[in-house]
Amino acid sequence: MTRNRTRAALLGAIIPAFLLGACVNNPFGSGFAATDERVTAISGNQQDPSDGPINRFAQFDDIPIPVDAEMDLGQTLILGSAEGWIGRLSLDTGYGMTDMYAFYEQEMPRFGWEQVTTVRARISTMTYQRGPRIATITLQPTMTRGTLVDFTVAPARTQGGVPIPPPRS
Numbered sequence: 001m002t003r004n005r006t007r008a009a010l011l012g013a014i015i016p017a018f019l020l021g022a023c024v025n026n027p028f029g030s031g032f033a034a035t036d037e038r039v040t041a042i043s044g045n046q047q048d049p050s051d052g053p054i055n056r057f058a059q060f061d062d063i064p065i066p067v068d069a070e071m072d073l074g075q076t077l078i079l080g081s082a083e084g085w086i087g088r089l090s091l092d093t094g095y096g097m098t099d100m101y102a103f104y105e106q107e108m109p110r111f112g113w114e115q116v117t118t119v120r121a122r123i124s125t126m127t128y129q130r131g132p133r134i135a136t137i138t139l140q141p142t143m144t145r146g147t148l149v150d151f152t153v154a155p156a157r158t159q160g161g162v163p164i165p166p167p168r169s
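Heads up: the sequence shown is residues 1 to 169, going by my numbering.
Careful: at least some of the hints might be erroneous.
[As the list claims (entries may be wrong)] Listed next, with one range per pair, are the computed distances between beta-carbon atoms:
id : residue 1 : residue 2 : range
1  : Gly94     : Gly131    : 28 to 38 Å
2  : Gly96     : Arg157    : 13 to 23 Å
3  : Val119    : Pro155    : 14 to 24 Å
4  : Thr98     : Gln159    : 15 to 25 Å
5  : Val67     : Arg157    : 25 to 35 Å
6  : Met143    : Ala102    : 33 to 43 Å
7  : Thr158    : Asp68     : 36 to 46 Å
8  : Thr158    : Thr98     : 28 to 38 Å
9  : Met143    : Ser81     : 28 to 38 Å
10 : Asp72     : Asp99     : 29 to 39 Å
11 : Gln140    : Ile86     : 33 to 43 Å
12 : Leu77     : Arg110    : 31 to 41 Å
Since the hints were made in silico from the structure, they are not lab data.
Ideal Cβ placement from N, Cα and C applies to all residues, glycine included.
Use the sequences and the hints to build the structure in full.
The structure is reproduced here in structure tokens:
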């Protein structure tokens, strides 16, 4: 009985949120992605060739996104917006593991993220902190020379409401 009530409550919350989401502007609307001081257009499916590229990553202006990355909507779950978002952003890139590791190692500090730790292996993990948030990047090779990139962003551990700074080397 409790399981049925839980399902009903969950569906009662999800369905209206889904329907309401269809009524508002798409946060993944057209635009550009910034990497450092330069702005690089993100290519993707176009509604109309004269409209220019659609930027499905417009709300993620606080992390670097490789050009031509594809969002895996089945694995992505984002809560919040702008620089306060948390959740998981899953990307499929056409770049190799070595290139993606170097890309994030170079670009994350440019976006204000400070490296906490890294593990470089067949499946690599990089952890960064920026203010009150922690970003964990997992890089995994695909069968076709690309890399799956999973960003998991969550609130940093706090001590008395103040974020604990990353350890210094």
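Hint-by-hint comparison with the structure:
no.	hint	result
1	Gly94 to Gly131: 28 to 38 Å	32 Å, holds
2	Gly96 to Arg157: 13 to 23 Å	33 Å, violated
3	Val119 to Pro155: 14 to 24 Å	22 Å, holds
4	Thr98 to Gln159: 15 to 25 Å	37 Å, violated
5	Val67 to Arg157: 25 to 35 Å	34 Å, holds
6	Met143 to Ala102: 33 to 43 Å	21 Å, violated
7	Thr158 to Asp68: 36 to 46 Å	37 Å, holds
8	Thr158 to Thr98: 28 to 38 Å	35 Å, holds
9	Met143 to Ser81: 28 to 38 Å	34 Å, holds
10	Asp72 to Asp99: 29 to 39 Å	19 Å, violated
11	Gln140 to Ile86: 33 to 43 Å	21 Å, violated
12	Leu77 to Arg110: 31 to 41 Å	26 Å, violated
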